[in-house]
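One letter stands for each residue in the lines below.
There are 2 protein chains.
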Amino acid sequence: MKEKILSIAQRAKSASRETANLSTKIKNDALIEMARYIQDKKDLLLKANEKDINYARENGLSSAIIDRLTLTTSRIDAMAEGLREVALLPDPVGEVTRMWRRPNNLQIGKIRVPIGVIGIIYESRPNVTVDAAGLCLKSGNAVILRGGSEAINSNIAIADILISTGNSVGIPHGSIQLIDSTDRSIVNEMLKMDSLIDLIIPRGGHSLIRNVVENSTIPVIKHDKGLCHVYVDSEADLEMAERIAFNAKVQRPGVCNAMETLLVHKESAEIFLPNMLKRFKEAGVEIRGCPKTREIFPDIKSATEKDWETEYLDLILSVRVVDNIDEAINHITRYGSMLAEAIITSNYNKAWRFLKEVDAASVYVNASTRFTDGNQFGLGAEIGISTQKLHCRGPMGLEELTSIKYIIFGDGQIRE
Amino acid sequence: MKEKILSIAQRAKSASRETANLSTKIKNDALIEMARYIQDKKDLLLKANEKDINYARENGLSSAIIDRLTLTTSRIDAMAEGLREVALLPDPVGEVTRMWRRPNNLQIGKIRVPIGVIGIIYESRPNVTVDAAGLCLKSGNAVILRGGSEAINSNIAIADILISTGNSVGIPHGSIQLIDSTDRSIVNEMLKMDSLIDLIIPRGGHSLIRNVVENSTIPVIKHDKGLCHVYVDSEADLEMAERIAFNAKVQRPGVCNAMETLLVHKESAEIFLPNMLKRFKEAGVEIRGCPKTREIFPDIKSATEKDWETEYLDLILSVRVVDNIDEAINHITRYGSMLAEAIITSNYNKAWRFLKEVDAASVYVNASTRFTDGNQFGLGAEIGISTQKLHCRGPMGLEELTSIKYIIFGDGQIRE
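Chain order of the listed sequences is A and B. With the first letter of the first sequence counted as 1, position 1 gets the number 0 in the numbering used here; the numbers rise by one all the way through. With the first letter of the second sequence counted as 1, position 239 gets the number 238 in the numbering used here; the numbers rise by one all the way through.
Some hints here could point you the wrong way.
The list treats identical chains as one, so a pair stands whether inside a single copy or across any two.
[What the hints assert, rightly or not] Here are the simulated DSS-like pairs of lysine-lysine, each with C-alpha atoms no more than 27 Å apart in a straight line: (1) K12 <-> K355; (2) K191 <-> K305; (3) K280 <-> K265; (4) K265 <-> K277; (5) K191 <-> K224; (6) K12 <-> K224; (7) K291 <-> K280; (8) K24 <-> K355; (9) K224 <-> K305; (10) K40 <-> K280; (11) K41 <-> K12; (12) K280 <-> K224; (13) K1 <-> K24; (14) K265 <-> K1.
Rather than coming from a laboratory, the hints here were simulated on the basis of the structure.
Construct the complete structure from the given sequences, taking the supplied hints into account.
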């Protein structure tokens with residue numbers, strides 16, 4: 000196992016130099032060719048996917064996992080479309096973000112360069128194989144893909160298409176590789192190869208991410224949980240507040256930027272909550288409230304400490320009435336996962352204070368937390384959402400898959 | 000020990016929120032006050048330092064370590080001056096680096112915010128205590144300082160002044176803390192506190208850095224070794240090449256951006272090397288050459304594989320004659336630490352190729368590698384030089400001690 004992953008990592012490292020210097024045209028042409036072959040080989044992909052689904056059924060995997068695992072004609076079309084969209088995005092490699100002249104006439108610039116070799120460790124959804132390969136290629140990185148064992152047949156079939164198509168149009172061998180073994184020890188070997196791999200991106204459940212963070216000697220960018228709040232202030236437009244809170248909870252409850260806890264200023268609570276919670280109830284949302292919430296809207300469960308800490312990813316909502324904005328910010332600071340947080344207010348000072356003091360990847364005034372997404376932010380496709388502060392934070396697109404280097408133009412300068 | 004470091008980390012975390020929102024004026028006033036007290040309490044600092052020096056002598060520490068450890072009046076003045084310079088630098092916190100409008104009228108901005116809590120693990124030189132505390136304060140971060148045991152008395156004395164002066168002018172308790180125990184286990188406990196500490200910066204020898212990288216669950220920015228090359232092309236101005244190569248090796252050989260290996264194109268070697276190597280010899284540089292170098296300049300040792308891999312940090316130089324720029328780039332890619340690399344050429348295509356293909360933090364055309372330094376680049380003071388690709392690369396100043404967050408201004412937008 001160790002030899003296997005070592006040779007994959009070495010191949011990636013040696014391919015990374017050439018990948019970094021590919022022209023934009025070659026990369027774009029390859030992405031478009033890959034998209035075409037993904038659609039052309041649809042039957043082959045569906046067949047491989049069927050094996051995974053059958054295996055999942057036989058082994059009693061949950062219907063949620065089976066759903067994420069399943070490929071359909073329209074999902075395959077969407078994967079191909081994703082590659083075409085990446086081809087349309089501007090190439091980040093080679094962009095000089097700043098250039099300045101020093102008193103000694105040295106001209107110094109910062110230029111975007113690929114990171115090098117990126118390892119992606121993910122679960123279930125086979126479309127990640129396509130998205131990650133496409134984004135890494137466009138940003139000039141070599142990629143090592145390690146999907147979940149439950150999707151191994153689908154991932155192998157997809158990777159075969161991407162790799163053979165890529166190689167046929169000038170993408171170096173080793174630029175895109177998939178680990179085709181489901182042996183778990185291989186991941187832990189990979190996480191120690193810091194001289195060959197530059198970055199690990201884990202995408203998946205909490206235990207996958209903890210394992211990576213605890214064992215990796217390679218820098219990690221993690222996409223951890225999202226426990227988001229909407230705070231309805233005393234000076235909020237309550238119609239707007241209702242529209243936003245409803246959207247943040249109900250539009251797609253299973254994703255990381257959905258609201259899990261609604262915080263309401265005590266002066267707004269009596270007017271706001273009865274309608275709002277009635278509407279949630281009608282939409283099938285189970286509500287768990289603090290004592291004050293239950294006074295106003297009795298027929299609901301009591302929220303416990305555990306509720307404030309839980310990312311439901313489901314039609315369940317915790318509700319808490321707070322005395323003021325301080326209590327709201329303190330609650331968010333204590334329980335929030337710092338992914339997306341919103342205030343609804345028409346007071347300038349409170350809006351500004353919330354923006355400054357809430358230390359989340361994205362902080363909203365008068366809009367739904369659901370916008371925390373690379374596409375919605377206008378960054379193009381995203382490879383994940385960073386929930387850490389180093390390297391990048393929030394939606395992670397092509398730019399975030401690059402590093403920089405300094406280039407220095409001299410005419411004989413030496414240091415005195 | 001675990002309780003001790005846990006309570007330090009918790010205090011830092013809770014101070015970090017207030018530190019992040021300090022006004023620029025309070026931070027600058029505190030830095031200037033700290034500078035004043037560092038100079039006022041000079042005698043106290045020299046006395047504490049004497050204890051460390053005596054202990055080092057008694058325990059037979061090397062003269063290099065004792066030199067780095069030693070405080071003098073002028074070194075104390077330089078530490079104070081460093082704080083005053085940091086006070087003069089622009090405050091990075093709150094800078095909106097970009098702002099754009101989406102089709103739905105959401106206005107989205109990226110704003111610089113402090114990272115949070117930063118742990119700095121370093122060796123010997125007590126001035127790091129002052130520099131690191133000053134830079135972390137100015138960038139709005141709480142800092143936990145962990146200096147080397149050999150400098151413990153000096154570091155405690157310095158930290159006492161910084162902390163008491165800071166607190167007296169409005170810097171929150173817990174913003175600056177020094178671990179006053181030399182117990183080694185405390186570092187490994189600290190490296191696991193990823194819910195309280197946001198970043199670890201190790202500064203020191205290779206074994207210190209390896210220990211941090213291998214044991215930390217907190218993101219690390221490492222300042223590892225520098226094995227830098229100067230490549231003299233066939234089309235170089237050989238006078239300029241001599242001036243630059245001499246500067247890169249001799250001006251300060253003990254630092255990471257000094258040249259360790261000189262690569263010379265075979266067409267330049269016979270004219271260039273005799274004078275160049277004679278000059279190095281006269282300056283006391285020991286030369287180790289490849290076979291071709293020894294043909295041209297006999298009286299020198301033979302360079303071994305180990306020489307190409309060694310960061311001498313001393314008046315020793317490896318010299319290799321190469322057939323062409325490819326061989327030069329391949330040598331650098333194989334042996335370089337990718338900190339600072341230079342080409343001396345008057346050929347446009349080769350200059351551009353070297354800039355593109357050499358994957359180092361800083362790549363030079365016709366200038367000395369010795370400029371790789373925050374001050375020389377015009378970034379102000381630096382907390383180190385990142386030798387990794389994630390988060391930042393090369394000299395690391397105030398901007399690199401910040402993260403970003405997205406701020407989103409809406410007027411009721413929901414996601415469809």
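Okay, the hints, checked on the actual structure:
In the homo-oligomer, the alpha carbons of K12 and K355 lie at most 27 Å apart only across protomers (17 Å), although the nearest pairing inside one protomer, at 42 Å, exceeds that limit. Taking CA atoms no more than 27 Å apart as the test, K191 paired with K305 passes between copies only; the shortest distance there is 24 Å, against 35 Å inside one copy. Proximity of K280 and K265 under a CA criterion of 27 Å is satisfied intra-copy only: 21 Å inside one chain copy versus 81 Å between copies. Within a single copy, K265 and K277 get their C-alpha atoms as close as 18 Å, which meets the 27 Å cut-off; across copies the closest is 83 Å, which misses it.
In the homo-oligomer, the alpha carbons of K191 and K224 lie at most 27 Å apart both inside one protomer (25 Å) and across protomers (19 Å), since each shortest distance falls under that limit. Only between protomers do K12 and K224 lie at most 27 Å apart by alpha-carbon distance; the minimum there is 20 Å, versus 31 Å within a single protomer. In this assembly of identical chains, the alpha carbons of K291 and K280 lie at most 27 Å apart only when taken from the same copy (18 Å versus 84 Å across copies). Within a single copy, K24 and K355 get their C-alpha atoms only as close as 42 Å, which misses the 27 Å cut-off; across copies the closest is 17 Å, which meets it.
For the identical chains of this complex, K224 and K305 are intra-copy neighbours only, at 15 Å inside a copy versus 47 Å across copies, given an alpha-carbon limit of 27 Å. Taking the closest pair of Cα atoms, K40 and K280 never come within 27 Å of each other, the shortest separation being 45 Å inside a single copy and 67 Å across copies. Proximity of K41 to K12 under the C-alpha cut-off of 27 Å is found in neither arrangement, the shortest distances being 31 Å within a copy and 52 Å between copies. Taking identical chains as interchangeable, the C-alpha atoms of K280 and K224 lie at most 27 Å apart only when both belong to the same chain, with a minimum of 25 Å there against 61 Å between chains.
Neither within a single protomer nor between protomers do K1 and K24 lie at most 27 Å apart by alpha-carbon distance, with minima of 36 Å and 55 Å respectively. In this homomeric assembly, K265 and K1 never come within 27 Å of each other (Cα to Cα): the closest approach is 59 Å inside a single copy and 41 Å across copies.
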